[in-house]
Structure formats: structure tokens, C-alpha cells
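Residue numbers (our numbering), protein chains in the order written: chain A, 341 to 584; chain B, 1190 to 1610.
No lab work stands behind these hints: they were computed from the structure. Quick caveat, the model's predicted, so the values are computed rather than measured. Warning: the hint list may mix true and false statements.
[Unchecked claim] Heads up, simulated DSSO-like pairs for lysine-lysine below, C-alpha to C-alpha not over 27 angstroms straight-line:
id	chain 1	residue 1	chain 2	residue 2
1	B	Lys1441	B	Lys1367
2	B	Lys1556	A	Lys500
3	A	Lys408	B	Lys1556
4	B	Lys1569	B	Lys1493
5	A	Lys404	B	Lys1559
6	B	Lys1483	A	Lys390
7	A	Lys500	B	Lys1255
8	B	Lys1461	A	Lys390
9	B	Lys1559	A	Lys507
10	A	Lys507	B	Lys1263
11	A	Lys500	B	Lys1248
12	A	Lys500	B	Lys1281
13	B	Lys1382	B	Lys1585
14	B	Lys1559	A	Lys408
15	A	Lys500	B	Lys1559
16	A	Lys408	B	Lys1569
17	B	Lys1556	A	Lys507
18	B	Lys1280	A	Lys507
19	B	Lys1248	A	Lys507
20	A	Lys507	B	Lys1281
21	A	Lys408	B	Lys1248
22	A	Lys507	B	Lys1266
23	B	Lys1569	A	Lys404
24	B	Lys1248	A	Lys404
25	B	Lys1265	A	Lys507
26	A	Lys507	B	Lys1255
27	A	Lys507	B	Lys1256
[As the list claims (entries may be wrong)] A few chain A residues that don't get close to chain B, going by computed Cβ distances all over 10 angstroms:
id	residue
28	Ile469
29	Pro472
30	Ala495
31	Thr535
[Unchecked claim] Partner residues are not named here, just some residues of chain B that face chain A (Cβ under 8 angstroms, in silico):
id	residue
32	Tyr1219
33	Arg1222
34	Ala1223
35	Gly1224
36	Tyr1228
37	Pro1237
38	Leu1298
39	Ala1299
Where is the CB? At the ideal position from N, CA and C, for every residue including glycine.
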Amino acid sequence: MDLLDISINIIFPAALIIFVMGFFYQVIQYFVIPGPPRPHAPGRDVPLTKKVLMPFIKWIGTFKFIMKVNPLHGFMAIFIMHIPILIIIFLFPPHQAVIFNYFPFLEPILTPFAIPQSITEAFIAQKTIWGPLEIIVNADLLTLLIIFSSTAVFALRIVKHYSGEFKSTIGDYFALIVVIALVTFGYLAVHTHGTPLYQTYLALHILTASFLIAYIPFSKFLHFVWSYWINLLVLVYHRVRRGA
Amino acid sequence: MAKMGLEYEEKIKRAFIKAIDRSRLSYFKYCMRAGSCAYACHFWLVDPRHELVPGIKGKRVEDVFKKEFTILGKLKKRITGEPLITIEELKKWVELAYGYCSLCDRCMLACPYSVEFPPLTLYMRVVLHEAGLTPESVKKQVENEFTIDHPYGITKEDWLKIIDEIQSKFDEEIPVDKKGAKYLLIPGKRSLKDNIESFISTIEILLKANEDFTLSSDLWSGCMSTYDIGAWDEMAQLTRKRTQIIRNLEAKTIIMTNDACGYYGWRWLADKAIKERLGFGVIEISELLADYVKRKVIKLDKSKNDFVATYHDPCHLARKGGIVDEPRVAITASVKEHREMPHHGIYSICCTAGCLQVDEYQDTRVKAFKVKLDEILATKANVVITNCDECFYTFKRMFDEYNVKDIEIKSITEVFADAIS
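Chain A with its partners taken away, still in its complex shape (with noise of 0.2 angstroms):
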């Protein structure tokens, strides 16, 4: 058994198995904390419909915050890094490969939108639902944005660092570390099929993204796959609240 099959058949498996045990772990603890959450108000007319869908709203305005206060940060945070990297996820057919061994009822839903691996692909036959997007709208153009807004992202915070505004720590460096080499292996790995270094590649991919999926429920990643999504439903809870 070598690397590329440990990997795929021993360590992916059991990162996944950690990762839904994690996930469940921070779920069950979220619920265990005794306490309502603190109080956010809505207008005292404000129509119910309009009171659940204010956080998403909320969120509009929060964007909007972001890239007038902080345009730099947050256009790479948000359109190159988080973008980019859940098209990679979903849409990569060699990623729905994966995800449709695992949830085979998400085949229907996400095969149509599959993107093509190179632009070279996409400007010879545009066969996808993305047309001439494809152009912008390939594996290789969206990890290579990944790796730069990734890269970008880092030096940021290492500029702020000394610029003594805003000072990450050892773990918010790691995470996108993590995230560059998760992402530039997958990139060689792609580049080399057919050559020796293909399998390394593989391996190192698939090794890097299973240290990803078992790291998530126990790290700040939990953000995009928990706590965004909970904290919405926390404030919809404010929302709807009468108060006195």
C-alpha cells in the first residue's frame, strides 16, 4: 500500500469521521451553555417576514461596511479567497467525484454546474452551463486567484502586524498556510498527471485537505460550516422576539 492509497483509503475516511464527531461535539456544547443569547432589537411594526429575513439582510450591510472601511481585505477575503475556493469544492468534477461518493443525492443538484479544469478547455469547447464564463469560470484561473488572494491575505496581516494596528496570531497564520499548501498541491497534482510526481502530489493533496476536514470542527474554520449560519439564526431569534 503506498502513500496515495493510505491516504485515500485510510486517512481521508478517518479525517471525515473526526470531523462529523467534532462537528457534533460543537454543536451539543453550542447547545449546553446555559443562557439566552443577549437581545438585538427589531422594530417594534417591523412585519415578521421582515424580522427573519433581517440578519441575511444585515449581512448586505455588513458587506457593504467592509468594502468602503476596509476595500482591500475584504474584496480579497471575500471575492478571490472565499468565492473561488467553494467553487473549487462543489463544482471541481474531481471534487464532486468525492462529495457524490459520500452524498450521492447531491449529483443531480451540482453535476450541471461542474466547471472545466483549464482555460484552454474552456476556449476550445465551451460544453458547460457557464458558456464563455468559463473563461474566468476554470479550476486553474480560480486556484491560482486562491493562492494569490491567500498570499495577499497573509501579507496583510503581517503588514498590519508591524504596523502595530491589528496583530494575528500563530493560528490565523496557519490557517491560510494551510490553505496555500492544501490548494498549490492540488494545483500540481493536476499539472503533473501522467508524470511520476503525479501520485506525490495526490497524496500530499488529499493528506493536507484530510488534516483540513478533521482540523475544522476544533479550529476557527468551524466559521463558514457552523458559526456563520448559527449566528444568523441566533439573530432571526432576536428578531422575532416581542420584548416587553
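We have chain A; now place chain B onto it with these hints.
The following block gives chain B in isolation, referenced to the frame of chain A:
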């Protein structure tokens, strides 16, 4: 590094257990230290230092939390023999929680993950209160609440005299201790001391509208700043006592006038503090004013307020209390021109008081007021209107500090009463 005694550690642990809730826990887990919160903080904007970033203030709380409530943290504490917290760190907390935070909640709006940072500063305040390290000027307010029922030292005798004085200004009788009235009017905690006009104008409006209201000889402050000080047990005691007075009067609804913190506390926190339903409604005066405008109960003449006005949204009313549109309805109906500040409504910038005057840290607050002042100057308004006397008082002090002579500050009830034709 001065270590604290075990007794202190126990107190601090108790405070942590008292203050912990899900939203605070969510911070410990999900703050990505993106730094967006910093750009929403008026203290950081004028003094962009790492330790003043709201998320980083929270990190200090997290560090202590981990030492006591996580397995790895406990293990580390045992191996290294580190204290739970040092005296120096607690003193730093006093500075950060009172000198560089007004609990305005604006940072929370800027967080892409909706992490609630202000509760962490409140967390600090709860710990400081438990440890007896709250600044003296703030401690005095809590003491006053217990000894004379008013944070700023207005005694019952003073209150009764004030009622007599106000009565002498009107022909109609001002009802006092009337049972079963529709509304019980509670003065703002700062009104009786520093802005009596705002209270008088409220009474004038209610009389003009033939409203069924009363004053209480036993209740002349609905102050809820004990919550923001972290004195939660005291807050529960005071709320229970005041609730009983209101219930005895059988008032259907209480009106909080020019007291943002009081309104927020009574509407959103009081039932939680006493762990039962209040049994009466809570409204803010601008809600009533907006209703009068909509129902045309009172005729208003805009030309009587011939100036350009801008409205300052008190944080406890707009961001925390949900009162955004009502004051605007009342103001547009009563002044010649109303202009909005660049950031208004729930995005409004705090006046730096946060419903609490902390004498020990006036310098940091004066510095931070620059952000608000720029907002006001951008409107080119002659009058700033607000419906919180704590904001009113802060504006007055700050205008003196910044030598602003050509802008006046008025309360919403004053402007409304002036426009009555």
C-alpha cells in the same frame, strides 16, 4: 507580576460562569481576526492600536476563559503555575472596558461572521464588578441607585420639589400616583439633573394631547445602567423593586423619555432580569410622538423650528432598541429641514458615552468624539437633535471641549413641543 489570592480567583470564576452564554462562546470559537470590527470602533479610528481592536479585547477574555474552562488550558495552567489572571491584567481590563469601549455594538455590525464583541467587553465589566475594580465614578452611580434610587443623586425630596416646580408652569394639573393610568411617565436618568427642559416638554406634549398619564412619586429613574456596568444581581434587585411600584400603580404602559439606556433595559432585559413577564408595556417617547403625527393628534408648525437639524441615533435606541424610524417621523414633522449624518440609523456612530459617564476616562472619550463631530459637521446642521439625555449631556460637554459654538443640541421632545401650533 502580582498574583491574586485564591479568593479573588473564585470571584472571577463565578463572574465568568455568570456571564457565559452562547453568543460569547461563539466569539471564542469563530473570531477569524479579520479586523473588520476595528473600522467600526470610534476609539480605534482615532487611536488605531492593536489592543483597542474589539476582537483583540475579546482575545484577552478568551485567554482567561481557556485557562479555567478548557482541558488543555487547565493543564497548561497547572504545569506553568500561571495565575488565572494578574492584577496588572485586570487593571488593563478597567482601561479597555471603560476607557476604550462604550458598548455601542457597532463593531458587531461590521463582523462578517456576526460575532458579538460587545458582550465580551461586558464580560470584562462583570468580572471587574465582581472583583470590586469598577471605576469609582461608576461605582458611585450604583451605590446611589441603592441608597437614593437615582444614579445622579436626585433624592425623593428633590423629585417632589421638581414636580411642584413643573406644576407651577402649567395650568392643567399634572397627575401624580394616579392608579390605572394608560401611561406612567418615567424621567430620563439624566433629565432631572442636566436637562429638565426635555422632561418639561414631554409633560407639555402629553397634556396637549390630553393623554391619560401619571407620574409616580416613588419612581423618578428607570435607569438600567447597572446592566452595562456588569452589576447584574443589583440590576435584578432594582428592576424587581421598580416593577413592583409600576404594578402597584396599575399603569398599562411606561413611557421612557429621553433615556435610551432605560428604554433598552426595560423593553429587552427587564423580564430576563426578574425572570417573569413584566405585565405592562414599554414605549419610548418618540414612538408616541410618531403616533401623534400619524394620527394628527397634535397640530405642528414646522416654521417655528426654522433651522437645519440632524438627528443623532442613540445606540441603545437604534442599534440595540429598534427605534429608528419613529424619531425621524417626529422630527421631519416639526423642523424646517432635517439632514441625515453620513452614518445614521443602526450604523450611527456613538456619542462616546454609552449611557455611562466615566469621569476617570474622559480624555479617551473626548478624543473619540472627533469621529462623531466630523459626522455632524458634514451635515452643516445648526441643531443636533437626540432623544437621550446622556447623549445630550455628552454633546454639551464635547462641544465645549472642541469649542463648537455654532451648533446647538436639543432633545426631541423640546423640538416637538416648540413646533406645537
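Checked hints:
1. Of the pairs offered as hints, the one joining Lys1441/B and Lys1367/B holds, with about 12 angstroms between alpha carbons and a cut-off of 27 angstroms not exceeded.
2. Only pairs whose Cα atoms come within 27 angstroms are accepted, and Lys1556/B paired with Lys500/A is accepted, the gap being roughly 23 angstroms.
3. This hinted pair checks out: Lys408/A and Lys1556/B have alpha carbons roughly 23 angstroms apart, not beyond 27 angstroms.
4. At most 27 angstroms may separate the alpha-carbon atoms for a hinted pair to count; Lys1569/B and Lys1493/B meet this at roughly 20 angstroms.
5. Taking the CA atoms of Lys404/A and Lys1559/B, the gap is about 23 angstroms. The hint holds against a cut of 27 angstroms.
6. Simply put, Lys1483/B and Lys390/A have alpha-carbon atoms about 22 angstroms apart, close enough for the 27 angstroms limit, and the pair holds.
7. Note on Lys500/A and Lys1255/B: the hinted pairing holds, with a Cα-Cα distance of about 26 angstroms set against a maximum of 27 angstroms.
8. With a C-alpha separation of about 25 angstroms, the suggested pairing of Lys1461/B with Lys390/A holds against the 27 angstroms cut-off.
9. With a CA separation close to 25 angstroms, the supplied pair Lys1559/B and Lys507/A stays within the 27 angstroms bound.
10. Between Lys507/A and Lys1263/B, the direct Cα distance comes to roughly 25 angstroms. Compliance with the 27 angstroms bound is thereby established for this hinted pair.
11. Distance hint between Lys500/A and Lys1248/B is fulfilled; the C-alpha atoms sit about 17 angstroms from each other, no more than 27 angstroms.
12. A distance of roughly 23 angstroms separates the Cα atoms of Lys500/A and Lys1281/B; the hinted pair therefore holds under the 27 angstroms criterion.
13. With a C-alpha separation of about 14 angstroms, the suggested pair Lys1382/B and Lys1585/B falls inside the 27 angstroms cut-off, and the hint holds.
14. In summary, the hint linking Lys1559/B to Lys408/A is supported, as the alpha carbons are separated by about 20 angstroms, within the 27 angstroms threshold.
15. Restraint check for Lys500/A and Lys1559/B: satisfied, since their Cα atoms lie roughly 23 angstroms apart, inside the 27 angstroms limit.
16. For the hint linking Lys408/A to Lys1569/B, the alpha-carbon distance of about 23 angstroms falls within 27 angstroms, and the restraint holds.
17. Restraint check: the Cα-Cα separation between Lys1556/B and Lys507/A comes to about 23 angstroms, which is no more than 27 angstroms; the hinted pair holds.
18. With a C-alpha separation of about 21 angstroms, the suggested pair Lys1280/B and Lys507/A falls inside the 27 angstroms cut-off, and the hint holds.
19. A hinted pair counts as satisfied when its Cα atoms are at most 27 angstroms apart, and Lys1248/B with Lys507/A qualifies at roughly 11 angstroms.
20. Of the supplied pair hints, the one linking Lys507/A and Lys1281/B holds, its CA atoms being roughly 18 angstroms apart against a limit of 27 angstroms.
21. Restraint check for Lys408/A and Lys1248/B: satisfied, since their Cα atoms lie roughly 25 angstroms apart, inside the 27 angstroms limit.
22. Distance hint between Lys507/A and Lys1266/B is fulfilled; the C-alpha atoms sit about 24 angstroms from each other, no more than 27 angstroms.
23. A distance of roughly 25 angstroms separates the Cα atoms of Lys1569/B and Lys404/A; the hinted pair therefore holds under the 27 angstroms criterion.
24. Between Lys1248/B and Lys404/A the CA atoms are separated by roughly 26 angstroms; this keeps the pair inside 27 angstroms, and the hint holds.
25. Taking the CA atoms of Lys1265/B and Lys507/A, the gap is near 23 angstroms; set against the 27 angstroms cutoff, the hint holds.
26. Our distance criterion of 27 angstroms between C-alpha atoms is met by Lys507/A and Lys1255/B, whose separation comes to about 20 angstroms.
27. Restraint check: the Cα-Cα separation between Lys507/A and Lys1256/B comes to about 21 angstroms, which is no more than 27 angstroms; the hinted pair holds.
28. Every CB of chain B lies more than 10 angstroms from the CB of Ile469/A, the least distance being 29 angstroms, so the non-interface label holds.
29. Separation of Pro472/A from chain B is adequate, the least Cβ-Cβ distance of about 31 angstroms exceeding the 10 angstroms criterion.
30. Annotated as non-interface, Ala495/A keeps its C-beta farther than 10 angstroms from every C-beta of chain B; the closest such distance is 14 angstroms.
31. Non-interface status of Thr535/A relative to chain B is upheld: no Cβ of that chain comes within 10 angstroms, the nearest being about 37 angstroms off.
32. At about 4 angstroms, the closest approach between the beta carbon of Tyr1219/B and any beta carbon in chain A falls short of 8 angstroms, and the interface hint on this residue holds.
33. The interface hint given for Arg1222/B is met, as the beta carbon of that residue sits about 5 angstroms from the closest beta carbon of chain A, less than 8 angstroms.
34. Hint on Ala1223/B holds. Least Cβ distance to chain A is approximately 7 angstroms, under the 8 angstroms limit.
35. Because the beta carbon of Gly1224/B sits about 5 angstroms from the nearest beta carbon in chain A, less than 8 angstroms, this interface hint is met.
36. Checking Tyr1228/B against chain A: minimum C-beta separation of about 4 angstroms stays under 8 angstroms; hint holds.
37. For Pro1237/B, the shortest C-beta to C-beta distance to chain A is roughly 5 angstroms, which falls under 8 angstroms, so the interface hint holds.
38. Because the closest C-beta pair between Leu1298/B and chain A is about 6 angstroms apart, less than 8 angstroms, the hint holds.
39. The restraint placing Ala1299/B at the interface with chain A holds, with a minimum CB-CB distance near 5 angstroms, inside the 8 angstroms limit.
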